[in-house]
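S.K.: Residue numbers (the UniProt record's numbering), protein chains in the order written: chain A, 1 to 571; chain B, 1 to 201.
There could be a bad hint or two in this list.
Unchecked claim - Per the computed footprint, the stretches of chain B lying under chain A, defined by three or more beta-carbons under 8 Å from a beta-carbon of chain A, are:
hint, stretch
1, 92–100
2, 106–120
3, 130–136
4, 156–170
5, 182–193
Calculated from the structure, these hints are not laboratory results. No residue lacks a Cβ here, since even glycine has one placed at the ideal position from N, Cα and C.
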Amino acid sequence: MTINGWIQIALFCAVIIALARPLGGYMTRVFTGERTVLSPVLAPVERGLYRVAGIDAAQEQHWLAYALSMLAFHVLGFLTLYALLRFQAVLPLNPDGQAAVAPDLAFNTSTSFVTNTNWQSYGGETTMSYLTQMLGLTHQNFLSAATGIALAVALVRGFSRASAGTVGSFWVDLTRSTLYVLLPLCMALTLFYVWQGIPQTLGGAVEATTLEGAKQTIAVGPVASQVAIKMLGTNGGGFFNVNAAHPFENPTALSNFVQILSIFAIGAAMTNVFGRMVGDERQGWAILSAMGVLFLAGVSVVYWAESAGSPVLNGLGLTGGNMEGKEVRFGIVASALFAAVTTAASCGAVNAMHDSFTALGGMIPMINMQLGEIIVGGVGAGLYGILVFVIVTIFVAGLMVGRTPEYLGKKIEGREVKMAVLAILCLPLMMLGFTALATVIAAGLAGPANAGPHGFSEILYAFTSAAANNGSAFGGLTANTAFYNTTLGLGMLFGRFFVIVPALAIAGSLAAKKTVPTSAGTFPTHGGLFVGLLVGVILIVGGLTFFPALALGPIVEHLAGGLGQTFAVGG
Amino acid sequence: MLNHLRPALVLLIALTAITGLAYPLAMTGIAGVVFPAKAAGSLIERDGKVVGSSLIGQSFTSDRYFQGRPSATSAADPADATKTVPSPYNAANSSGSNLGPTSAALAERVKADVATRQTENPGQPVPVDLVTASGSGLDPDVSPDAALFQVPRVAKARNLSVDQVRSLVDSQVQGRLLGILGEPRVNVLALNLALDGLGSK
Chain A
1 MTINGWIQIA LFCAVIIALA RPLGGYMTRV FTGERTVLSP VLAPVERGLY
51 RVAGIDAAQE QHWLAYALSM LAFHVLGFLT LYALLRFQAV LPLNPDGQAA
101 VAPDLAFNTS TSFVTNTNWQ SYGGETTMSY LTQMLGLTHQ NFLSAATGIA
151 LAVALVRGFS RASAGTVGSF WVDLTRSTLY VLLPLCMALT LFYVWQGIPQ
201 TLGGAVEATT LEGAKQTIAV GPVASQVAIK MLGTNGGGFF NVNAAHPFEN
251 PTALSNFVQI LSIFAIGAAM TNVFGRMVGD ERQGWAILSA MGVLFLAGVS
301 VVYWAESAGS PVLNGLGLTG GNMEGKEVRF GIVASALFAA VTTAASCGAV
351 NAMHDSFTAL GGMIPMINMQ LGEIIVGGVG AGLYGILVFV IVTIFVAGLM
401 VGRTPEYLGK KIEGREVKMA VLAILCLPLM MLGFTALATV IAAGLAGPAN
451 AGPHGFSEIL YAFTSAAANN GSAFGGLTAN TAFYNTTLGL GMLFGRFFVI
501 VPALAIAGSL AAKKTVPTSA GTFPTHGGLF VGLLVGVILI VGGLTFFPAL
551 ALGPIVEHLA GGLGQTFAVG G
Chain B
1 MLNHLRPALV LLIALTAITG LAYPLAMTGI AGVVFPAKAA GSLIERDGKV
51 VGSSLIGQSF TSDRYFQGRP SATSAADPAD ATKTVPSPYN AANSSGSNLG
101 PTSAALAERV KADVATRQTE NPGQPVPVDL VTASGSGLDP DVSPDAALFQ
151 VPRVAKARNL SVDQVRSLVD SQVQGRLLGI LGEPRVNVLA LNLALDGLGS
201 K
């Protein structure tokens, strides 16, 4: 570890905190329907869309109608993407002649992009046509991200309203997230990325003759426009197989810094939107602080573990940390920081191969996802995820003093706590249940590329990533098989919708409640005590569930590696 | 449910057209005008022929050139399309090794590479990036240490003085951005092009 390394981490945190308030203020104005600087251009487009779609922008929805609209939109999006993947061979913009995508892979990929997971069982440059990348994947990146933001805003309205029957209009929230927030930022980011060297072209792969006279086929494409949204929308689906480790997806230290900033930017700003909409910005800062504590703990461990390196390789005389699977331009610290950020948020882009991280360095990304991706989290998804934990925390605090708990003037009662627990329990069930299945049947055991505990970690990481809608991978796992494509697809679907629907139910239930005035007995939720309690509940409720599984994978691998033990495939 | 379908269908089509077609195509158009060389992939031409991209590493095996990092990329086996064979720096199929920290295969590969490298520059510690595979398999850079490590070999193969080659390496080192972001590095292709330029003078 070096001073420069810590400076890079500190600089990142400082910029995120500095961005939260201005971006939060802008997004609050967007979602409360106020005029913004972009309104003169976008308001006519927005009104035109509503007219054609038959939407009355002033007509708000009950939480159930909101949920149904969301589901209808997703079903149509899924079917469209599936069809596009199956028919890409006969559609235009396919200069490299990619074939139709197989049914199980098309199911997995459609699910993956519709749920904002962007798990990739395929290698982008060897599987997807340009049309699929743009019309199918780039566009779902926008819409799944916009959906996440819309749902978080609906839940925030649940807290900020009193005696209300509605939580907003899904159609309006979706349209505004896309047009006012994601699209303008992505246009600016795309040009920035091209300036840094990311290609943006419709021409096919380039044939080069290397200095030694060999042929090198260089895949290019409309990369920058997809990278912009995959980071900002915390989707993470790369244009190329190795994602942001590819020099064309992430060419410089600066492009890397901006990419990790854009992963966290909207998620961090959402806490400020929350604070503003409930009328007390301190509430937003308290939540961001709890996220910050967990984030710093995680990134410190990854940085320490990767700097220390693997005992097995160090035993061969190597110094300078673990560079297997990392790029020289990023080095140890920017790779460790990226890994912590991408798994804390539900992004899943990678700039280094997590599979080749040290045992403990690779465990932290898993823990970040297992906690439910509430450390800043996916755009919108992080906020509704942590609010679910807030409800449990408030409930626990209420139990301790024997008083009906309340949060922001709303009484937290049986219905909210039940829904919160339902949302929290879904993730371990998917992650651990499918991992257990895969470790006892032949189709599952055929997946891992590494032997010993690391092979188990590859399976655990895959289902963790899918259910948490992250999308990053221990890439050695051969996941493009009928078994993994199907089970991972199911994990993604349940992990997304069994959190979203309970969260919307909480929103509806809270919105209908009266606001009770603050009294001397009210537990203040903007101070250090609340932040500490929230962090504790997240670690105990979210973390302990996974300890036995982690002990079988990364922890035992760490201990074995320390003794110099290695594992050979077939050995 | 039906009253959800019309807005769902219309918004899906309209937003698809905006974000899936208009946005990437407009960006392609603008980028092609503002940054034409970068939008096309930062290609390098020598004598009118494309010799590579400044951002993409390429395989160097000759002693006369500086070599990049081990690459784990593969290609379809020409004899049997269902299998793959190692094909370093295959820029049409990026990949890392995905070998974990306790992998016996990784330990053996690194051990063999360290032994090979030590023969070319005995007594010097082998820089870590020179014997570990990059994440992309296409890493265009090596660390300054890894470039300097190869100076004696390259100088000998080209009949140049060690000092001459060393100062060429020093001139190719790119530092951290503003002294803070990223890591110091040397672009191997740029270094080798400069090396060829040196020889022809």
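S.K.: Checking against the hints above, which ones are violated?
M.R.: When the structure is compared with the hints, only number 4 turns out to be violated.
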